[in-house]
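Asks: Okay, here's what each chain looks like letter by letter:
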Amino acid sequence: MSKSSGSIIEIQGLRKVFRVGKVDVEALRGIDLDVEPGEFLAIVGPSGSGKSTLFHIIGGLTPPTAGAVRVANQDLTALGDAGRTRLRKTTVGFVFQKFNLLPILTAGDNIALARHIGGNRDGESDRFREVLELLGISERLKHKPSELSGGEQQRVAIARGIVNHPAILLADEPTGNLDSQNSQTVLALLRDLNERMGQTILMITHNPEAAAYAHRIVNMRDGRIVS
Amino acid sequence: MILKLVFENLKHRPLRTGLSVFLIGIPVTLMLTLVGLSQGMLADSARRARGVGADIAVRPPGTSLISLSTAPMSQKLLDKLRAEPHVTLATGTMVHPVAAVTMVTGVDLDEFNKMSGGFKFIGGGPFQGPEDVILDEFYARQRGVKAGGTIEMLNRKWRVCGVAEPGKLARIVLPLATLQDLTGNSGKLSQIFLKVDSPANVETVIASLRAQLEGYPIYSMEEFTSLISVNNLPELRTFIQVMTVVSVIIGFAVVFLSMYTAVLQRTREIGILKSLGASQSYVLLIILIEALLLSLAGSFAGIGLSYGSRWLMMKLIPASLTQAIVPEWWPIAGFIAMTGAVLGALYPAFSAARQDPIEALAYE
Ligand SMILES: Nc1ncnc2c1ncn2[C@@H]1O[C@H](COP(=O)(O)OP(=O)(O)OP(=O)(O)O)[C@@H](O)[C@H]1O
Ligand SMILES: [Mg+2]
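Chains Z and G supply the protein sequences, listed in that same order.
Mapping to my numbering: the first sequence position 221 is 221, numbers consecutive.
Mapping to my numbering: the second sequence position 120 is 1120, numbers consecutive.
Hints in this document: simulated from the structure, not taken from any laboratory.
Since the structure is predicted, the reported quantities are computational estimates derived from the model, not experimental observations.
The beta carbon of each residue, even a glycine, is placed where N, CA and C say it ideally should be.
Among the hints, a few may not be true.
As the list claims (entries may be wrong) - Partial list, computed: chain G residues near chain Z (C-beta under 10 Å):
1. Lys1004
2. Asn1009
3. Gly1271
4. Lys1274
5. Gly1277
6. Ala1278
7. Gln1280
8. Leu1361
Stated by the list, open to error - Lysine-lysine pairs mimicking BS3-like chemistry, simulated, CA-CA at most 25 Å apart:
9. Z/Lys142 with G/Lys1004
10. G/Lys1011 with Z/Lys142
11. Z/Lys144 with G/Lys1011
12. Z/Lys98 with G/Lys1011
13. Z/Lys89 with G/Lys1004
14. Z/Lys144 with G/Lys1004
For reference, chain G alone in the conformation it holds in the complex:
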C-alpha cells in the first residue's frame, strides 16, 4: 500500500518526477563517463603499445607509466642496446604534447616498420619528406583532413602523407629527426622499444638490462600493458574519488530540493495521513521510499545517458577521448546516487513526520 501511494505520488507530478530522475541521472552519467573514459583511454593506449610489436620497453629514469615527459634518453643508448645479446631490433621514439590530451610521436619509420610490420594505410603512404605527418583514421576524421591535405601543428604546416588504421603506437606520427630538431631535443629519445630473438629470452634480456641501466624502468610489453590500469595511476584514482564525492553531493542536493518541495506541497496530505493514525515512521518511510525510487530510476537514466555521452564523443572527438562502457560500475554509481538521495531525503522526511496534524490539515 505504501508503494502504491508512492507510485501514485510520482505519477501525479510527472514533470517533477521526470526532472528529478534526470537530475539524479547526471552525476551517475558523470561518474560512468569518467570511469569509462579512463578505462577506455587506458585500454586504447595499451592496444597501441601492443601494436608496436616490441617485446621490451625501456623508459627514462624517474618517469611514471603514463607521464611521457619529453626526451631525456640519449640516442646513443640505442646502439648499446642493439649490441645486447638476443636483441634483434631496437628503435626509439620521441613523444611531445601538442594539446591537453594530444601527443605527437616521432619515429624512425624504417626501424619502426621492421618492428611493427608497418602502418596499414587507408589513404596515402609513408613519409616523403621531413615535413610529413601520418595520422590515424580517428584523428584524421576529428581534424577533418584526408591524405594529401595539410594540418597545422607546433606552429607550422604539415603535409598529411598518409592516413593509417588506428592501433599502432600513436595517432600522430612525425619523422623522428624533425620532431627532435623542432623541439630542441636532437639526439634524444622518450622511450625505446626492443625486439628479442625469441619470447623465451625476454626475461633474460630484461634482467641483464636492469643490471646495466640502473634507475631505468624496463618492462616486458606484457607487463607494460597490464600495468596500464586505473589502480596504477594514483592521479586518476584521486580524480575518480573526487567525482564520486561530487556525485553524492549533487544527488543529495537534487533529492533534498525535490523532496523538500514535495513535502511542502503535500503538507495537507501528510496531515490527512496523520489524522488517520499514521505514525512518524510511517510518514518517514513514505518519503524515503519515494527518494529511493527516484534515485533508482535516476541511476538507470544515468546509465542510459552514459551511452549517449559515448556516442557523442565518438561522433565529435574519436581520437582524443575513448569512452568504454563499464558495467561493473553501474551498481557502484547507482549505490552512490542512492546514498546521496537518502541523505538528501532525511531532513524533508523528518520535517514531514514531525508536522503538526492540525496545522497540516489547515494548510491550503
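Chain Z with its partners taken away, still in its complex shape:
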C-alpha cells in the first residue's frame, strides 16, 4: 500500500484552518512527515509556526482540515469525536508545558486516574514500577501537585503520559516552565524512556540544547516544515 508501511506516523499534505470570526487562519499549510517507531523527534520553530496545532492533530484533540494523516495505522481523517477519544485513550500520551496535573488529586492518584480512564483495571505492572523508579517519583506519589517542585510535577506528568503504554508520547515544550537543572533531568529521562523502553517521543521545544537530545530535528515555519 503505502511507501513506508513501517511508519507509526504518516502525514501528507496536512492542512489546518481555524475560522476566527469571518477570518480563516491557516495554522498548517501542507505538512509532510513520517515518524518511525522508536524515534525521538524534536520539533522546533518560532512562535505561531503551528507546532502545537500539529500535535493536537496527531494526538486526536482536533480533526485535520485536509490531507492524509495516519497514526498507528488509524486514518485520522476518518475518525469522529468518539474515534479521537479512543485514540487519546489508547494510542497517544500528552505531556504539557504547564504539567496539567489535577490539583485536587495526589501525584499517585493523577497517574491512577489516567490508568482508570485508559481502562487498565489490573494492578500495576513491574514495568510500570520500574518506570516510576526511573522517573525518581516513587517517594512523591502521596503528595499533591502543589507540594511538588516543577521538575517533580513534570516527571509525574510523564509517568501519567505513558502509564497506558501509548504508541506515541507527545511532549509540548515539556521543559518550558523548568529551570535548566530540572530541564536536564526531564530531558535525560525522556531520552532514557526512548532508549531503554523504545518509547516513540515527539517533543516541541524552543531550546536548541533540548532539541539536541533527540535523534532528529524538524524545523517549522509558517505552518510548513522547512527542514
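Keeping the supplied structure of chain Z fixed, place chain G with the ligands upon it in accordance with the hints.
Replies: Chain G with the ligands only, in chain Z's frame:
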C-alpha cells in the same frame, strides 16, 4: 476512582459544597416540616376530639371534617337528641375563629365536665363568671399568661380563670352563652357530642340518627378521629403537592447554579480529563455523581433541619402549630431533592462533556 475524584472535588471547595448541601436541605426541610405540621396538627386535633369523651359527633349539614364554620345548628336539637334511646349525655359546642389557625370554643362547662370528666387544672379552676376563659398549657405559655391573668381576644379582655392540661377538645374555652351572644349566634351550635349508655349501642344510635337527621354528618368518635388524615383533606393534599413541586424547582435551581459554576471553574480540569481520553459519558458521569452526592447530603441536612424547625415551633408557638417527625417521608423528600438535583445537573454536565479539549486546556 470516579468516586474518589468526586470526593476530592467536593473536599477541595468546602464552602461551595457546604452551601450547596445546605441550600438543597432547605426544600427538604420545607417538605418535611409541612408534612410534619399537617400530620402533627391532625393527630393533635384527633387527640383533643378523643379527649371529649363522647361516643358520637353530630355536625352541621354541608360541613367538612375540619372546616368549622360558625354555628348553623339549633340548640333545640340538643333536647331532641337527649330524648333518643340509649343517649345518656348530649352537649353542644360552638367554635369561632380568632386568628388563622386559632379557634375559640364555647362550652357548657357542666355538661362538658360530665361527659369528659372535666379539665385537669394546672392553675386556677373553672369559670367564675361570663368573661372567664380556660386556656390549655401550650396556649397559655405561648401567650405568656398564667391563671388569674388577662388576655385580649375578640376585642375585649378576658380573665384567665384556669390553665388546664392539653388534650381536651380545645385550647381556648369560653362559656358557651358568652361566645354565642358575642358573635350573634344565640341558641346556635357548631357541633354536638353524644354519650351512649353502652359502646355496643353506638351503631344503633347512629343509624337511627342518620334516618332522622338527613344531611347531617354523623360519626362515631372512632370514625371521626380516623377520618382526620391528610388523604381526607384535599386542600392539604394539594398544598403538599405544590410544596413538592416548589422543592423540585429549588433543588433544580441550586444544583444547576452550583454545578454550572463548578463546571466553569473546572474547565481546565475537564480538558485534562479529555486529553487523557475520557469519553463524554465519563465526564457526564462525574458531574452527575457529584450532583447526586450533594443532594444526598442535602437530604440528610434537610432531615436534621426539620428537627430544628420542630424545636423552634415548640419553643415559640406550641399551641398554634404542632409538627410531627414523619420518617416515612424521609426517602420521599430525599428522592424529590435528588430528582431536582439530577435535572439541574444535566445541562452543566452536558456542556462539560462537550467542551472542546484544546480550548478547555487553554482556559486560565
Ligand atoms: N484554536 C485556535 N483558533 C484560532 N487560531 C488558532 C487556534 N490555535 C492556534 N491558532 C493559530 O494557529 C497558529 C499556530 O498556532 P500554534 O499554537 O500551533 O503555534 P506554536 O508553534 O505552537 O506556537 P508557540 O511556540 O507559541 O506555542 C497561530 O497563528 C495561532 O494563532
Ligand atoms: Mg505551542
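Asks: Each hint: holds or not?
Replies: The hints, checked one at a time:
no.: 1; hint: Lys1004; result: 7 Å, holds
no.: 2; hint: Asn1009; result: 6 Å, holds
no.: 3; hint: Gly1271; result: 8 Å, holds
no.: 4; hint: Lys1274; result: 7 Å, holds
no.: 5; hint: Gly1277; result: 3 Å, holds
no.: 6; hint: Ala1278; result: 5 Å, holds
no.: 7; hint: Gln1280; result: 8 Å, holds
no.: 8; hint: Leu1361; result: 7 Å, holds
no.: 9; hint: Z/Lys142 with G/Lys1004; result: 14 Å, holds
no.: 10; hint: G/Lys1011 with Z/Lys142; result: 17 Å, holds
no.: 11; hint: Z/Lys144 with G/Lys1011; result: 14 Å, holds
no.: 12; hint: Z/Lys98 with G/Lys1011; result: 24 Å, holds
no.: 13; hint: Z/Lys89 with G/Lys1004; result: 20 Å, holds
no.: 14; hint: Z/Lys144 with G/Lys1004; result: 14 Å, holds
Figure legend: structure checked against the earlier numbered hints; every hint is met.
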